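The residues making up each chain are set out below.
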Amino acid sequence: MSLNSLLFFNQSVSSLDSTNFGNQKSIQLFPAFGYSKELNRLWLGCELAYKQVKYNVYSSSTASVLPFVRTETNSLPTTSIYFAPYLLRSFASENLRFNIGIELPLEYFLKREQILNSWETDKVSQNTYLEKKTQRLYPKILNWAAYMQLGIYRKLYRGLYFGAEMGVGITNEIYFGNRIDTYQEMENGITTINRETIIKYERNISGSLNFRPTLSLQYYW
Amino acid sequence: MKIRELTLLLVLLVIFASAQGQANRISLIINSFNYQTEHASSQDTLQTEKETNLSVLPSIGYYRTLKSNTGIGCEIGFMHSTTKSTITSKTLDNSYNEIQDRISPYNIFYICPTLFQNYYFSNFQFVTSLIFPIEYVTKHEFEFTRDIDILTNGTNIIDYSKTIEPNNIKFGVYCNFNLNMNIYRKVYLGAQTAIGIDTDMRFGQRTNYKSVTENGVVTTEETAITNFRRDSRGRLKFRPGIVLSYNF
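Going down the list, the protein sequences come from chains A and B. The opening position of the first sequence corresponds to residue 251 in the working numbering, with each subsequent residue numbered one higher. The opening position of the second sequence corresponds to residue 4 in the working numbering, with each subsequent residue numbered one higher.
So that you can see chain B by itself, here it is in the shape it has in the complex (with noise of 0.2 Å):
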């Protein structure tokens, strides 16, 4: 997948430099932004919660006018996004004690190649787009351990489990409108909206690994795959997005 990524970008490159661009520019681009941190415990500590993420798609773009302002260009970007929750709880006699954790990383690659068309006006850059985004995402992954100490009897149980998700592939054809202002000489910050349809494809094998320890042997070891024949679905959507850009 990554030369079908590399062989569309080195095209797109040798299209940009033997054309005879106008105005050319660079934009920085978040195309998906979503964070939270959480800390909460009950009054008597009995129990407490822990919970990260953050998940941010930035792009890099460079964009060629060839002439009457329309042109093409192309995005790429990368995100790496892990979610981590750790919950504890356990009785006020000290007898029971539990740790549950989960961790769920994932990365994105990230590809757009645009034809765009520009308008200029007061302080304003109008652009309207064609874009056809790309996401392959890979080590889709979720592990769930849940640790329990139960004292009175002096047990430790450790309840394991690990799914690894097929590769993922997501590809659209949305038209994007992008408004931009003009912030500082060739400088420009805006939004963008793109209204299209997008289709997500796995491909590949689900791995689900669950063992079962208790007092350090291992009782129950199970491990199941399921292989994704066909499995595509697709959407009408929107897109968000804020762009900072360079014109020259």
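Excised from the complex, chain A in its bound form (with noise of 0.2 Å):
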């Protein structure tokens, strides 16, 4: 099992005259399940993960010389399917083991999106009068690499092993398909703006040299 990234926040804020107020909150966990075999002293094994990201942010604020109270949210929900290959040689020694490999792995986008929304609420009849909605929705990823890695492990009980990893290689990501972008603007429940943008990639490679990170548990049998 892998924990190939974490990262999480959560936050809430206010003013102390109240006239601001927000909170976010996101938790972006990737964990993995792998299974390897040895085949003439080399380890062939292959990981797998799903992910999904929700990341969520809110904030209102106000003024005393405003007759409204804005509010404003915005979220980037992101899911993937994730599928590492690799090959290592490992060494043990007492209580510690030495992982050396090569890792492939290969995470394909499913959704990524931004919403944003915002709108103006009247603060003494609570009518919403101005409302704006914001969407873009990504086309098709495909990231994939080429890792070397070096794992180092300690014991922790009969065949259980904790460790951590890093992966030094080269990352590529492919957009395709197409990014379709929405606007849409409403005054007092009445659409007066509906605008609807389709970008279409007919090319879009990066790649760059990177560090890749991981805390691992594994058992040996």
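Do not take every clue at face value.
[As the list claims (entries may be wrong)] Okay, derived cross-link-like pairs now, SDA-like style, lysine to any residue, Cα gap no bigger than 25 Å in a straight line: (1) A:Lys450 to A:Phe426; (2) A:Lys390 to B:Leu57; (3) B:Lys53 to A:Asn422.
[Said to hold, decoys possible] Listed next, with one range per pair, are the computed distances between beta-carbon atoms: (4) A:Phe412 to B:Tyr122: 23 to 29 Å; (5) B:Cys178 to A:Asn290: 33 to 39 Å; (6) A:Glu363 to B:Leu154: 34 to 40 Å.
None of these hints come from the bench; they were simulated from the model. The structure presented is a predicted model; accordingly, all values stated were derived computationally and were not measured. Glycine included, each C-beta is placed from N, C-alpha and C at the ideal position.
Taking the hints as your guide, dock the two standalone chains into a single complex.
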């Protein structure tokens, strides 16, 4: 079992006069489950994972001179599936184990979206009189890479080891399909602007030399 | 600056020549790598965007073992990077056309003296080293042009700006860990990770030129020069690399 990335935050803030208020939270956890088998001193294995990220920001603001409260929400939902075959050599000495290998991770993004909504509400009547909705739907994204991995593990109990790995390699990302941007503006419940722009990616490839840290729990039998 | 680098290289070469080596190696290293190629357009073809960039800092190093698997070495490398982007947009009736061009080039001259120790086990070579990378950045420029055609009144406006950044020197001290695997006879392939402190210094002048041209006549033109008397910064940093070595 590997933990390939982890990021979380949970924040709630407000001004002393309570005219500004905001909270944001997200958890981005990327665990993977793998199996490997020793074949002629080489370990051949594979990891699988499913990642779902939720990122939500909510904020509202006003001032004593303003007749309305402005509220904004921003969310960035992402879903991806992950597959990583690997080949490694493992060296065990007393309570330690060293793994050296090559890993070829593939990550396919099923969904990556950005949704931004804002509205203004009258302080007295509580009516919403200006509403703006922006949505960006990204195209399908394939991320593939080749990493050289070096891991060190400590024996916890019998065949159970816990440790960390560091990968150094080249990551590539390719966009294919269309990006859809939509914008809608409403005044007192009546749509005044409704726009959709479709951006076609004829070519979009990028790559870079990268690090890849991983925490891992392994059981050998 | 080039004279200083050449002197340092010469001193290291003299040390190599006088040393009685046991096992030496030549390495090809990728110190940084980034690329991007993008071509996107809106479905109604009113807006298109193209961007390209390739930045690779390869280096070649010679390492000489002096005694007890310890030795000294030096790498030299060069990078030329250019980022180009073009955005074109127009209205449905073709009465308004706009083209935005951005170009940003820079060069890096790279030298890295090294003190190292080798360890061998099974088919692997493990190298721990202290490295002193120096990067000298020149010709760092940003050029921007916006060409607007308003066909309803026959106006052409060209906004142009160019910023020439001062020369920049980056130097650091890193602890480097390099693990290589024997892939064929004396050829090893591996990866390295360095952790250290990097310092960045700018010296000289930044020149910023702006102009506006309307229907071929320059209406606004200005040049601003910023003199960097002191501008240095540093931080703790990682430095990844991919290494191909030949031992002899």
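The hints, checked one at a time:
1. A distance of roughly 8 Å separates the Cα atoms of Lys450 (chain A) and Phe426 (chain A); the hinted pair therefore holds under the 25 Å criterion.
2. Taking the CA atoms of Lys390 (chain A) and Leu57 (chain B), the gap is about 24 Å. The hint holds against a cut of 25 Å.
3. The hinted pair formed by Lys53 (chain B) and Asn422 (chain A) meets the criterion: a straight-line CA distance of about 18 Å does not exceed 25 Å.
4. For the hinted restraint 23 to 29 Å between Phe412 (chain A) and Tyr122 (chain B), the CB-CB distance of approximately 25 Å keeps it satisfied.
5. Range check, Cys178 (chain B) to Asn290 (chain A): Cβ separation about 35 Å, and the 33 to 39 Å hint holds.
6. Here the CB-CB span from Glu363 (chain A) to Leu154 (chain B) is close to 38 Å, well matched to the stated 34 to 40 Å.
Of the numbered hints listed earlier, not one is contradicted by the structure.
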